[in-house]
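Enquirer: Sequence:
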Amino acid sequence: MQMTVAHYLAAMLQAFGIKRLVASPGMQNAYFNLLLQQNPFFTCKSVVDERSAAYAASGWADECGEPVLITCTEATASRNYLSALTECYYRRIPVIAITFYNPFGSALALSPQHIDRSFGPLDCAYLHVELPVIKTPVDRIICQERINEALITAKYQRVPVHINVPSVCDWPTLQDRSLPQDFSTTVCLNATELGRVDWRSLKDRNFALFIGAHPRFAPQTLELIGQFVEKHGIPVLCEHNSNYNGPNRVLTTVFSALLPLNATLLPHVILDLGGICADYLADVIFQQANTMLLPADGKYHCRQHRIPQVMFAMSETEFFARMLQLPEFPCDSTYFGRIAQARAGVVMPKLPLSTPLVCELLSQKLQRPCSVHFSILNAYRMANCFDFAHGVTVSCNTGGFGIDGAVSAAVGHSWSDPQRLTIAVTGDLAFYYDMSMIGNRDIGPNFRIIVINNRGLPLINSPRWCRRLKAANR
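Numbering-wise (the numbering used here), the sequence shown opens with residue 295 and increments by one.
Just so you know, not all the hints are guaranteed correct.
Unchecked claim - The calculated lysine-lysine pairs, modelled on DSBU-like cross-linking and capped at a C-alpha distance of 30 Å, are: (1) K339 with K449; (2) K593 with K313; (3) K429 with K644.
Bear in mind the hints are in silico, worked out from the structure with no lab data behind them.
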């Protein structure tokens, strides 16, 4: 039997230990209700009126201290949940509202009972997710990611959430009560629960830190991370936007280039910090790794669609302070040394006049504290091939990842300290998007611009793309 989104939701609820349901009758949610009623793990109650059902669930959840599910059919049935969910929002009561929709219906098709649940009142749920119909392996991964996010939010933050689910009406399959096993869930641990992790399973394994874009670290946090990675021979895989300049740093662009030469350098377990990584090749780093998540903002995510085994709900400072106190952390302590040895064996060729050459020269010539802001893609990608001197801060607009704004952002950097040199490094196209900023009268003498004419979009300036462009212009 093909497992549907309803089966995965039921299986993951069971894995999270969420077992209480207050169900209201209806066609769209009937299959899911029966799926849970036939499973002895779940305790199910029935309340016909959705308003009463939601309030009953709020009382149940408040008393037992655990999340309680409510389910209803399509149309305006879910609107009856709003007053009770508002109560749960302000009192932080973990009720999980599971609504159902006909996946073949839409407002455009004038489908009966279809309503727009893509957003709701701000104060009725801390999180809204919509699950896709599972047709491909990618759909299954997305489904698991969103269910994990919703259940972690409800269970560990103790707040109401909303899950919108495509309905299933394949009644004969209800005779098979089996649930899927091919899913992954994330365990959330606080500062006192680090002992629940089986650190002994790391014995002789390649363990790495991965840091995406990150605000500048507090000195204490930076020192703790440095002590931890030096003690255990752990590499810190990062890019310049990570703002990590401590021991054992390895730029992801350089590391990705080493992997085809030595697959034994692939990490087995990754502790994931920070936000977006601008290195498009970083996905190869995660191809065989299990991940652990330490989010500075406390928000759940799955980098490269790798569902974390563990999410640590604590500050980075507290985490690394406690990790240094662990009696045993038996990862392969030679890991960083092997990476450093492989990196030392790679000789950079003599570069022609190009963006990489400009970045290489900047990394060599800039020896005093200054700020360098790169435009996205080619300029920043090449910058991540080179280490800059201590005190040189390198940044790039990788949050929205738009081509505009690099020059203006660099000017903003220069205003922070009029005595500190600030350099904007940009390709010609990114410069033209933002060149009006250079006429600003408040630009000081500490600001410089390097514009690199890279012959236009180097990613498409290849023989294959040139042939396409020539054919298109005939």
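Enquirer: Each of the hints needs a verdict: does it hold here or not?
Expert: Against the structure, the hints come out as follows:
1. Taking the CA atoms of K339 and K449, the gap is about 20 Å. The hint holds against a cut of 30 Å.
2. Using a Cα cut-off of 30 Å, the hinted pair K593 and K313 holds, with the two alpha carbons roughly 24 Å apart.
3. Distance restraint check for K429 and K644: the Cα-Cα separation of roughly 50 Å exceeds the 30 Å cut-off, and the hinted pair is therefore not satisfied.
In terms of the numbered hints stated before, the structure departs from hint 3 and from no other.
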